[in-house]
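Single-letter residue listing:
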Amino acid sequence: MRRPLVRPYPKDWFLRTGAYRLFMLRELTSVCIAGYLVFMLWWLYQLGKGDTESFRSLLSIAKHPVSIGLHTIALIAAAWHSITWFNLTPLVMPMRIGEDRVPNVVIAIAMGYGPWLVVSGFVLWATLH
Amino acid sequence: MSHLTKTNEAFWWSLFSAGGVMAALFLPVMIFVTGFVLPFMMGEDVESQQDRMVSLVTFWPVRLALFGIIFLSSFHCAHRIRHVLMDFGLRWAGVALMICCYGAAAGGAVAAGLILVRL
Amino acid sequence: MPEPTITLDVFRYRPDEDERSTFQSYDVPYHEHWVILDALNWIKDHVDGTLSYRWSCRMGVCGSCGMMINGDPKLTCAAFLKDYFPATIRIEPLANFPVERDLVIVMDDFMSKLTSVKPWMIRDDTSPMEEELLQSPSQLAAYKQFSMCINCLLCYAACPELDSDPDFLGPAAIALAHRYNLDSRDQGTAERQDILGAEEGVWGCAFIGECTEVCPKNVDPAGAIQQAKVAVTKDWYKRMLLPWGKR
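Residue numbers (the numbering used here), protein chains in the order written: chain Y, 1001 to 1129; chain S, 51 to 169; chain W, 204 to 450.
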């Protein structure tokens, strides 16, 4: 007689091994990024008011330790998103030349890290020039 | 397979992917600018700081870029958060969860559009 | 000097006797060159003939001896005792599958998922062919990696999404569908697209990537699923934007 046994799957699977924890960390960067996007909206709104008072309050908030702390967390999360995103790009969009697969690291640099560097440099230059 | 559920997930996934690229390329440096460059690396003259920031952000290509970044990154986050919540056991919430996540992202995109147009 | 031994904690479930599963400990002689499958065979031959498990080739080709070793899906013919000695090794049937008996899983559900993606060559013209279908080395290279699958199901045991949605097609079935879609001789992509593009198809995957990590044949099912997502998405836009056109 067949009487298959169904076992429960661990509800805390995402905590169980390093790989699952890293996956969850990657997915949860989106929460930090979403938080920053909300801040960005407020920041643009405040900047758009145009008067010196609003800009001063924006600056004083930006200099507050809480802002520094939250920005640091957001920066780490966003950078972790970038790194994981670029590292996975070659798996999603593999390329070949004839029979040979273009090495993953070449694709990651050409489509990810390279443009990242250019874009970051350009934005910093545009802000500081 | 007993049953197949038709889905427009391809559409949400394409927004997620485009947003993932935008967020990966632009957000770290933007966070660095608003969090560290503006308060600490642009001198002491508040009015010149304001002038420089406003003239940068109101430059039309920058407005368009900011809109694209915020719009797509919002949907990127919404999609990921939705899937994390599904993995955490909210799969039964189905369409309601989609409305919450993508609705919030759409709201953010509309707000970004309004703010950027009126800058 | 006594022979060294190693303890195996083995998952037991006998549907005709047991209400629930138990663990049974066996002390097995330790040999450096033994794999876990050798130890299980020793138990079956010398200690307990009632222990049930699947195995066949002992060389990583048949794909039938996959089990959870200390919680990780592995081919027991490729997992050496020396990598665990002297600690106790816990052996369970593959996760995400019902248990038929002891270490034997029920794979009916997987078999129906696998056949649903039509993992065989589909041709528009089914009449007997006059000439063979030629394929260049680079056309072969386009899908070869995905054709190495031995259906060992380690990827299913490693995938938490299958618990979240048991109807998810799963890594191996999607990788095999993708393998035929990439084959220059195959013309069945359209027939597979409805199932790949369904909620139970590629969209069940959040790219956790463990299927690729545990694959003993380097198939990279996670990559295959993401590539299939790209293909399905292109197809979706084509259908939405060009309703009058051919798919």
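Any given hint could turn out to be false.
Capping the alpha-carbon separation at 30 angstroms, the derived lysine-lysine pairs in DSSO-like fashion look like this [to be verified]:
1) W:K347 with W:K285
2) W:K437 with S:K56
3) W:K441 with S:K56
These are calculated hints, taken from the structure and not from any lab test.
These numbers were taken from a predicted model, which means no experiment stands behind them.
Here's how the hints hold up against the structure:
At roughly 33 angstroms between alpha-carbon atoms, K347 (chain W) and K285 (chain W) are farther apart than 30 angstroms, so this suggested pair is violated. For the proposed pair K437 (chain W) and K56 (chain S), the alpha carbon gap of about 16 angstroms is at most 30 angstroms, so the pair holds. Under the criterion of a C-alpha separation no larger than 30 angstroms, the hint pairing K441 (chain W) with K56 (chain S) is consistent with the structure, at around 16 angstroms.
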